[in-house]
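**Student:** This is what each chain is made of:
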Amino acid sequence: MFNFKKINNLTISALCILLTLFQSSCKTNIDSKRITIASSGKIDSLDPARANTLKALQLLSSLGDTLYELDNNGKLIPKLASKMPVISKDKLKISITLKKNILFHDGTPFDAKAMKFTIDRFQRIGTNNYILDKKIKSIETPNKNTLIINLNKPTSSIEGLLTSVNLTAISPSFYKNHINKFLNNDFVGTGEYVLKSFSNEVQILDPNLNYWDAKPKNQGINFVGYSNSASLYGALKSNQIDVLLSNSIDDSQRKDLNLLSKNKKIKEGVSNPIEVSFITLRTNIEPLNKKEIRLAIAKTLNREKISKKVSYGLRDPSKSIVPQIFKGDNLVSWPEYNPKEAITIFMDEGFCNGKTLNLPLTYRSNVPTDKLIALYWKQDVKANMGDCFSININGVESTTIYKNLSEGLYTSVILDWTGSYSDPEAYLAPLLSCNKLDKDICYQGESVYSGSFWGSKKIEKLFLESKGLYGSERLKVLLNIERLASEAIPYIPIWVSSQKAWSQKNISKPVFNGAGKILMGDLEIINE
Amino acid sequence: MSKNYNKLIKYTLFKLSVIPLSLLVISSLVFVLLRIAPGDPVDAILGSGADDIAREALRSRLGLNESLISQYFNYLEKLIHLDLGESLSNQEPVIKIIQNSLPASLELGIISIIIAILIGLPIGYLGLKNKNKKSDYISRIFGISTYAIPPFWGAMMAQLIFSVILRIFPIGGRFPIYQQSNNITGFIIFDSIFKNNFLALQGALYHIALPSITLGFLLSGIFSRSFRLNLENSYNSPYVEAAICRGIENKNILLNYALPNALLPILTISGVTLASLAGGALLIEVTFSWPGIALRLQEAITQRDYNLVQGIVIVTSFMIVSLNLLIDILIAFFDPRIEY
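First to last, the sequence lines map onto chains A and B. Counting from 1, one number per residue, gives the positions in the first sequence under the working numbering. Counting from 1, one number per residue, gives the positions in the second sequence under the working numbering.
Some hints could be false.
[Stated by the list, open to error] Quick list of the computed label-pair ranges, beta carbon to beta carbon: (1) A:Lys75 <-> B:Ala57: 32 to 40 Å; (2) A:Ile179 <-> B:Ile9: 50 to 58 Å; (3) B:Phe152 <-> A:Asn384: 57 to 65 Å; (4) B:Met157 <-> A:Ile179: 29 to 37 Å; (5) A:Asn384 <-> B:Val25: 49 to 57 Å; (6) B:Leu68 <-> A:Asn384: 47 to 55 Å; (7) A:Lys181 <-> B:Leu21: 35 to 43 Å; (8) A:Lys264 <-> B:Leu160: 21 to 29 Å; (9) B:Phe152 <-> A:Ile526: 51 to 59 Å; (10) A:Asn263 <-> B:Tyr137: 34 to 42 Å.
Worth flagging that the hints you see were computed from the coordinates, not collected in a lab. It should be emphasised that the depicted structure is a prediction, and the values quoted were computed from it without experimental measurement. Using N, Cα and C, we set each Cβ at its ideal position, and we do this for glycine too.
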């Protein structure tokens, strides 16, 4: 018969050899002086006209430059532009002077024609080209370093739009065969890194030795994607990656990583909070068409407790649908938690004492925090609202929700939003603007697509007015818009979230720019 | 014998002729089911922020504003010309995406089955050899337990123990970050051997080890249980009893009489398992970030990427049907008792 003892010995020896080989394979990576950043998911496309995932936009912001960008305080600063844009008196012409002697990664020069090529291409094929909304009439390039943007109508958000990663400058000569189609797996821009290799899961970036601004402080970046939160967390804890960048990591793991950073075992970098979570109330049906009912519902939401219970206090409770960074010191406050007042309103409206208002609340089943918010709110209402108000929760996959929002299928639904560009308008317009309305009901426009069906003629007027204004005057008008919305309560803000990144002890602390993108070039090995 | 072969050829030809019909039914079903499901690629790409005009423009660009009948016939026409179209989310040819991800699933599937056989068969044999003894009970419990463990839990535990705590294996991925895949066939192990690239082979084996051992371990119970049962039946059969009476050595009885018959069902199980793994082992792929076909399919469904979902389902269906046919032929070849 077989000699199992002999086989066992052989197997153990073979396993030992294999493990040794594997370990030496692993060591090669550890010895590397490159920095490995892990994030969730894969990148489908590196084309600025196509990219719309946070991860792809993050990578593009390191590979390329935009005309302007937001600094950490939310202030617009020139990047490829040499100074702030000059706006004509009639507000229909924007002149931008570009920096000189900037080269694309393929060695061709960056100039006004290249920028025109980029914007034209985005307008033509860009997946998110609706953000330009036919604002641009034409683009002129009177000389190599001057770009003139002619507008169809005065618009003040154009400055903010020029910070959009979707308008990252690309080399016309490299993209000459992709004028009308996407180039998904390659990129040639002007950024601090050059794309060395690309696959959906792993992207390798080398420093751009000819970069016009400060050179990266590291010898390159390996950008890797894992398909689930547990793998990301495990990879950082087992030292298999240097930096973990993810907004989609589970909140319990966020808490653990936060604790590790407090104990100085890892470092935590936090961006400005720019992602707003809120509940949309469908205002065109009874009883939510009554402002008082919406107010009472809003007063039952305990943001502070939800933040503590669901996100372990790591997301800031918010009483606004516009992140504070875009509003300076100005405050617009939406209704606060006050269950007693809520009960009084419900009683005034004929509820309580045997008559309960039952609110169907839909949450995105593929977003874990949404479910927890829904569950917590439901329990809190059950505990505090007696028979006045109750909540029925229902999970639906996000794509289905997006499809059905404008059909008016959801009485209330938990959603989130990050502006396509860094401006209060990028938060207000998608939630509040309306093209066709009667009294307070919107029949056509963006508030239909956000599921609230709420509109206001005053707000439309203010939106129009804001397009001809700049600076603090414009901000004042935009704040007025939010103030009007906060009185009508078509939405209930929940919290505002930041991008977070965690690095190992021997890597510098991750830093974000004002648009929530990690500054990869600032990451360095500090303890070799 | 030749009569049997003729029957087998007829059977094979019949099965081959049915394949296009099966694929037509499958592809039509997928086409309809995808369109019935709420949400479309435009909603997945643009989310809730875009207005009607932007949605219509994108829908028109993706060819989704044509009538369903027209879309269906366009799809069938392309399919007849073996054109699976382009992914709606990134305009990459579907066939290219499948070419990149299918080898990953097959590689993982094949190695996992080999590991399952290597674990399952000795355990099944030891159980039978020590029938009704301690090791037999252990082997039976092993068989049932591995079968009962939920794959996602097993995979997460393996990842936690071997990658996070012991740090023996990588947490996920198919090859080291610093090393790009050598794409000849897409099978990294085969490619690196073919290219004589030891470093790539080492990296590929290092990355496939944990997912394949985990999947192999989870599958091994079926093999151990089945092997034990079939070997026992073989030992109880008249031809083995006759061999014992003739005084043939135990080792020869095992190798020449009992084993060949006991291994036939293993061939069937291996084939069926491989066929099911051709569509990818989703939970293993998700846990270990293995860029296989199942992970791609899951992402494509989330993105409502109609063309990609249809393409993946058709290709994997074709593989499953073909593999099943191949197994039928192999069994008929090895077992002359089987008639068609």
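**Student:** Are the hints correct? Go through all of them and say.
**Tutor:** Comparing the hints with the structure gives:
Look at Lys75 of chain A against Ala57 of chain B: about 34 Å separates their beta carbons, and that is inside 32 to 40 Å. In this structure the supplied range 50 to 58 Å holds for Ile179 of chain A paired with Ile9 of chain B, their Cβ-Cβ distance being about 55 Å. In this structure, Phe152 of chain B and Asn384 of chain A break the distance hint of 57 to 65 Å, their C-beta atoms being roughly 37 Å apart. For the pair Met157 of chain B and Ile179 of chain A, the supplied restraint of 29 to 37 Å is violated, since their beta-carbon distance comes to about 51 Å.
Checked against the hint of 49 to 57 Å, the pair Asn384 of chain A and Val25 of chain B passes, with Cβ atoms roughly 55 Å apart. Taking the beta carbon of each, Leu68 of chain B and Asn384 of chain A are about 49 Å apart, inside 47 to 55 Å as hinted. Roughly 36 Å separates the CB atoms of Lys181 of chain A and Leu21 of chain B, a value that falls within the hinted 35 to 43 Å. For Lys264 of chain A and Leu160 of chain B, the Cβ-Cβ distance of about 24 Å falls inside the hinted range of 21 to 29 Å, so the restraint holds.
The hinted range of 51 to 59 Å is not satisfied by Phe152 of chain B and Ile526 of chain A, whose Cβ atoms lie roughly 38 Å apart. Taking the beta carbon of each, Asn263 of chain A and Tyr137 of chain B are about 47 Å apart, not inside 34 to 42 Å as hinted.
In the structure shown, a violation is registered for the earlier hints numbered 3, 4, 9, 10, in ascending order.
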